[in-house]
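Protein chains: 2
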Amino acid sequence: MVTTEEQLAQFIIDTPAQSISGSLLKEVKRCVINLMAVCIYSARDPSLDILLNVFRVEGAKPKATVVGSGFRTSMQNTALANGYLAHLEDYDDTHFPTVIHPSAPVIPAALAMGEYLGSSGQEVLAASAIGMEVCCRIGMAVHPAHYDAGWHITGTCGVFGSVAAAGRLLGLDKGQMVHAMGIAGTQAAGVREVFGSMAKPLHPGRAAQSGVLAALLAKGGFTGSKTILEGRRGFPAVASTSYDLTKATTGLGQDWEIRMNALKPYSCGVVNHCLIDAMVALRIKDGVTPQAIKNIKARVHPLVLELVDRRHPKVGLESKFSFQHSMAVGLVDGAAHPAQYTDMKATDPVIVGLRDRISATVDAGMAEDATQVTITLNDGRTYTQEVLHATGSPENPMTDAQLEVKFRTLAGDALSKARVNTLLEELWTLDDAPDIGQVMSRTKIRGRTVRN
Amino acid sequence: MVTTEEQLAQFIIDTPAQSISGSLLKEVKRCVINLMAVCIYSARDPSLDILLNVFRVEGAKPKATVVGSGFRTSMQNTALANGYLAHLEDYDDTHFPTVIHPSAPVIPAALAMGEYLGSSGQEVLAASAIGMEVCCRIGMAVHPAHYDAGWHITGTCGVFGSVAAAGRLLGLDKGQMVHAMGIAGTQAAGVREVFGSMAKPLHPGRAAQSGVLAALLAKGGFTGSKTILEGRRGFPAVASTSYDLTKATTGLGQDWEIRMNALKPYSCGVVNHCLIDAMVALRIKDGVTPQAIKNIKARVHPLVLELVDRRHPKVGLESKFSFQHSMAVGLVDGAAHPAQYTDMKATDPVIVGLRDRISATVDAGMAEDATQVTITLNDGRTYTQEVLHATGSPENPMTDAQLEVKFRTLAGDALSKARVNTLLEELWTLDDAPDIGQVMSRTKIRGRTVRN
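These protein sequences, in sequence, are chains A and B.
Under numbering that gives the first Met the number 0, the first residue of the first sequence carries the number 0, and numbering increases by one thereafter.
Under numbering that gives the first Met the number 0, the first residue of the second sequence carries the number 0, and numbering increases by one thereafter.
One thing to keep in mind: the hints can contain errors.
[To be verified] List of simulated lysine to any residue pairs, SDA-like, C-alpha gap at most 25 Å: (1) B:K225 with A:D147; (2) A:K173 with B:K225; (3) A:K60 with B:S46; (4) A:K173 with B:S46; (5) B:K60 with A:G69; (6) B:K246 with A:A148; (7) A:K225 with B:Y146; (8) B:K416 with B:N395; (9) A:K443 with B:S46.
[What the hints assert, rightly or not] Derived coverage of chain A by chain B (criterion: at least 3 residues anywhere in the stretch with Cβ under 8 Å from a Cβ of chain B; other residues may be distant): (10) 57–63; (11) 183–192; (12) 214–225; (13) 300–306.
[Unchecked claim] Derived coverage of chain A by chain B (criterion: at least 3 residues anywhere in the stretch with Cβ under 8 Å from a Cβ of chain B; other residues may be distant): (14) 86–94; (15) 257–266.
Calculated directly from the structure, the hints in this document are not laboratory data.
Every residue, glycine too, gets a C-beta built ideally from N, C-alpha and C.
The shape of chain A in the complex, shown without the other chains (with noise of 0.2 Å):
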């Protein structure tokens, strides 16, 4: 009989690269491109120098680097240190069924372990993939008691995934696959009680840092648990009231559960989403402008008005809460990036102009992620706006062109015009790269300056 743990070590080690179709592939590469935007912007914010003064202190190898900041330092380190950027802003993928975001514990884990390896580009995808997989599978297994009784799925599954990764590229044997499995499933952590701190994207982090000192512990002969997931005191049993270990396992290879990922076009709650979607469409509409609006309404599914009914939001991070101000910076600017989330947009009378103009009401037959708008100009005319599927849903997800736009806007504050042009030319064909660690040197930001 073979176990679980065995299935998925078989599955993390014995999956060739080329066996991954194409489109699946492009799927991880675009996590990885989502990734370094994400990284690229988040460099900036002043709590990553906390995390780099504690690495200054103590020391380490420069093996692998910390997208945004040119630090190079330890795997461990560097894995931590990616995934927390990877997950600062809110602004990484989403497994729907499982509200995992898996690319920020697994691809940090995979980047760093093949920075050290000098693993291709093609490897580090391969071992993304498999680990995201992993990650959500057992997610699945595991959801939704899971996250119900409190847990930060994304810190606690994420280690099986950031192990996978790192376990594969390091060439682990499947029985020292198996024992990085129950090494790092022992170290799962993470409550949801420190959502709204700095220690909520420092589950991912340490999750992918986990993951990283597992696979290097296992290679070594280090032992775990062969059980970890069918054990009586196994992580499920342990930190689930029920699972169903099934999800883990069946049609594993060809089912991928990373089908189900998706990347956000907008930073901020996702109930928000098609509201965005609409204006962006109806912001170019003829004589839509914010002065000659009238009023703005929206027929919204129930948990909007539960969840981010704020007309007035103050400051930045509140203004995240708010489906008006949402909508607001959708019409004027067309994007709905942390730029629309700071505190003088905020307060940009403007914004808040429009703001006074904007109302939802309530329609139980509609979906949560659908909407329809309408816009009445003072002059009488309107335009009604429907969307069936919010950008950023696996029905209907950003493409490419978006998702470019979307790491020009965030790595353009840090990187010069041309370096984002080569960097995102690098990221596109990262399955031909040679050595990732080229890529990732492209990543340094000369003259980084903190954002504060």
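Given the coordinates of chain A, work out where chain B should sit on it, guided by the hints.
Then chain B, alone, in the frame of chain A:
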């Protein structure tokens, strides 16, 4: 209303070392001596090299000392390695009400941070006392549901103790200390499924490391939750089906939970201990030699036959789970250190022969740590020894002399007699040491040889 977190933070940062009673500080000093003995012994285990090799590959500044190895590395790495060594032989201390092993996650954090900061011995002792107290009290709050669910309470609650010790030494203010507890608490990890593997002692190692990391981050301004204990999604609510937070704070600073912590005199499961005590007392009776013994009969608590009835273990590890073996070595060697549980000892003809003459009958009225043993000699003489509380229980702690013997036995394999004497002297006067780093430098073993 002062929160639980604030009360604990206040206790952690504001309790003057001088206000901690001499007897309590001495008990913690005994824990340090015990930990040093165990670490020095365990440092010859080949598995330590797996950890050290990862440290070598990743590099770090030599800020602190891995006991027994002479290896100097970062504070986090050192805390990880010493926490690992302290628990590797399961020969560390036990807080009886919760089965937490509080020294292993806490003292290594205090030592690593103290060495980095140049703290005095007294400061390290006070930080250890306070860290161990916080660890045990949070353990009391979630006990027994938490451990019963499958969590390794030493790993999980360990993070609260290690961050308390590290944060106090680092001079965190109250607000920082609350955040540090939030950062550390959301890293609580470790499931019992990995018992029997190297990942078990990794738990206190990681807990020690997590506390050091959290303290360093909080000092830099990193934030965690202020409600990691009281919050709806905090550690107790998420990781325990029931808990009582009043146990974390009632009588804090007056009634010390670590009074219920005790050192182990024997390197095996605690149910054997009263039986070994009896044999150590009986072996010096007139005419008692292995050859002269007709039989040995014990009256025991039912758990003995349930857990450790194994007449002829074949290998060392198995022999730890044999009351017959434990009694036999107690009689022949007068000790039950790791040397009494080797493969060679398990098959020693004298021990094997004696095990055949040992039996036990259940006495339902017997306490768990009590026994009555009668030896009958071939010449008809009999001796009976009653043990009311096994040595190493809170009611019958190891004497200083017994602790010295344990230290000399465990450290004596690795250090010269002169070095053992110097080190013991320095540890007994640890409260007078101006710089903990000087003491740590004495733990460096010249020409460390790895045991295979």
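Each hint tested on the structure:
| no. | hint | result |
| --- | --- | --- |
| 1 | B:K225 with A:D147 | 21 Å, holds |
| 2 | A:K173 with B:K225 | 42 Å, violated |
| 3 | A:K60 with B:S46 | 23 Å, holds |
| 4 | A:K173 with B:S46 | 20 Å, holds |
| 5 | B:K60 with A:G69 | 20 Å, holds |
| 6 | B:K246 with A:A148 | 23 Å, holds |
| 7 | A:K225 with B:Y146 | 21 Å, holds |
| 8 | B:K416 with B:N395 | 29 Å, violated |
| 9 | A:K443 with B:S46 | 37 Å, violated |
| 10 | 57–63 | holds (count 5) |
| 11 | 183–192 | holds (count 9) |
| 12 | 214–225 | holds (count 8) |
| 13 | 300–306 | violated (count 0) |
| 14 | 86–94 | violated (count 0) |
| 15 | 257–266 | violated (count 0) |
In this structure, the earlier hints numbered 2, 8, 9, 13, 14, 15 are contradicted, and the remaining ones agree with it.
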